Amino acid sequence: MSYYFTILSPTDVPLFNIAFGTSKSGGDGIARFRFPDTAQYMNQFIIHSSLDVVEEAQWMNGNMYLKHIDTYPPASAYISAFLTPSGARFLLLHQPPQLPTNNVSSATAGSGSILGSSFSGSGGSSSRASASSVAANPTSPQTEEAVRQFMTEVYENYVKTVMSPFYRQGMEIKSSVFRGKVTAAGRKWL
Amino acid sequence: MSSATKASRIGEELWKTRVDKVNAELVTLTYGTIVAQLCQDYDGNYQDVNKQLEKMGYNIGMRLIEDFLAKSNVGRCANFRETADMIAKVGFRIFLNIAPTVTNWTSDNNQFSLVFDENPLADFVELPDDGRAQDELWFSNILCGVLRGALEMVQMQIEAHFVSDVLRGDDTTEMRVSLVRYIEDEMPPDEE
Numbered sequence: 001m002s003y004y005f006t007i008l009s010p011t012d013v014p015l016f017n018i019a020f021g022t023s024k025s026g027g028d029g030i031a032r033f034r035f036p037d038t039a040q041y042m043n044q045f046i047i048h049s050s051l052d053v054v055e056e057a058q059w060m061n062g063n064m065y066l067k068h069i070d071t072y073p074p075a076s077a078y079i080s081a082f083l084t085p086s087g088a089r090f091l092l093l094h095q096p097p098q099l100p101t102n103n104v105s106s107a108t109a110g111s112g113s114i115l116g117s118s119f120s121g122s123g124g125s126s127s128r129a130s131a132s133s134v135a136a137n138p139t140s141p142q143t144e145e146a147v148r149q150f151m152t153e154v155y156e157n158y159v160k161t162v163m164s165p166f167y168r169q170g171m172e173i174k175s176s177v178f179r180g181k182v183t184a185a186g187r188k189w190l
Numbered sequence: 001m002s003s004a005t006k007a008s009r010i011g012e013e014l015w016k017t018r019v020d021k022v023n024a025e026l027v028t029l030t031y032g033t034i035v036a037q038l039c040q041d042y043d044g045n046y047q048d049v050n051k052q053l054e055k056m057g058y059n060i061g062m063r064l065i066e067d068f069l070a071k072s073n074v075g076r077c078a079n080f081r082e083t084a085d086m087i088a089k090v091g092f093r094i095f096l097n098i099a100p101t102v103t104n105w106t107s108d109n110n111q112f113s114l115v116f117d118e119n120p121l122a123d124f125v126e127l128p129d130d131g132r133a134q135d136e137l138w139f140s141n142i143l144c145g146v147l148r149g150a151l152e153m154v155q156m157q158i159e160a161h162f163v164s165d166v167l168r169g170d171d172t173t174e175m176r177v178s179l180v181r182y183i184e185d186e187m188p189p190d191e192e
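Residue numbers (full-length UniProt numbering), protein chains in the order written: chain A, 1 to 190; chain B, 1 to 192.
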């Protein structure tokens with residue numbers, strides 16, 4: 001599983017980006033996206049295209065963690081979102097490793113999350129994942145829970161980082177401490 | 001009973017009974033904002049920021065000593081060692097609820113170090129990564145000024161500066177305090 005994590009300000013300015021891979025089940029923590037290295041902008045593209053869904057979903061309930069909200073089937077990229085009360089969005093793109101079979105097109109009836117399936121109209125015609133492997137299934141409850149833990153931990157560190165007097169609202173987060181903490185959270189939960 | 005333990009006890013007692021408490025984050029954020037604003041006003045000239053912080057502290061210290069003496073009701077210290085314990089265990093306890101360690105005395109008992117295990121002024125702080133702040137800015141430099149101002153009012157001329165700071169990546173936060181001289185009562189200069 002490869003991950004791309006972004007923090008966006010309330011006005012959609014990117015504040016922080018990081019790409020990393022899974023460390024679970026023998027992963028080495030290095031991101032291996034399906035795009036060629038020249039097309040890494042696809043991650044940002046997919047994440048930003050999910051913002052409409054985030055804005056719809058954010059009023060559905062009072063939770064900060066919006067769970068899996070959007071899917072981009074051509075790249076089998078899944079987006080989970082977390083909103084801070086001040087309107088910053090944490091978006092996590094996860095992409096399962098390429099499987100040998102044609103899993104993307106044959107959309108079996110997987111256990112899509114509630115929000116994910118209710119918004120499938122905006123995400124594309126076949127936004128359901130194939131549940132071929134639990135570990136690589138981005139919509140399973142275990143994954144949702146792991147992402148929630150990850151988001152919560154990042155949020156705690158985000159609060160501390162923006163409390164620094166040298167940080168100005170809306171500024172890019174350059175703190176290496178914060179980057180280290182996000183990496184550690186990714187290693188711990190994802 | 002050593003003067004250090006005695007001072008600790010006085011400090012604890014005063015902290016529990018005589019001191020008004022405020023929210024620590026209020027203090028931290030206010031101080032942080034002041035320093036950040038100074039850095040902006042001086043356009044990143046950190047030497048000037050250090051100087052300005054020291055001066056602000058000096059003006060605070062000159063008045064704070066009165067409050068300290070009124071609250072603590074302690075008498076004159078017999079020697080500079082006792083003064084050091086008073087500062088570390090009573091002064092810092094009352095005003096910041098910390099008690100830095102007094103250590104590294106010189107043999108003539110005129111210089112010591114205060115080692116801060118915690119520093120409420122610097123919570124949440126990360127110095128700007130412009131390549132210079134890490135080497136030039138003493139974030140908590142106001143404390144040096146406070147000590148200088150306070151001790152000057154009780155006839156001690158001292159010099160205080162930070163020698164290390166965890167914010168810069170050092171292992172400890174350490175302030176070096178040296179006694180320059182005891183200020184003797186001086187006759188006012190002759191007007192004729």
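Hints in this document: simulated from the structure, not taken from any laboratory.
Any given hint might turn out to be false.
From the structure, some residues in chain A lie toward chain B, with a derived Cβ separation under 8 Å [to be verified]: (1) 157; (2) 166; (3) 170; (4) 175; (5) 177; (6) 179; (7) 181.
Keep in mind that this is a model prediction, so the values were computed, not measured.
We put the beta carbon where it would ideally sit given N, CA and C, even for glycine.
Evaluated hints:
| no. | hint | in the structure |
| --- | --- | --- |
| 1 | 157 | violated, 11 Å |
| 2 | 166 | holds, 5 Å |
| 3 | 170 | violated, 15 Å |
| 4 | 175 | holds, 5 Å |
| 5 | 177 | holds, 6 Å |
| 6 | 179 | violated, 12 Å |
| 7 | 181 | violated, 12 Å |
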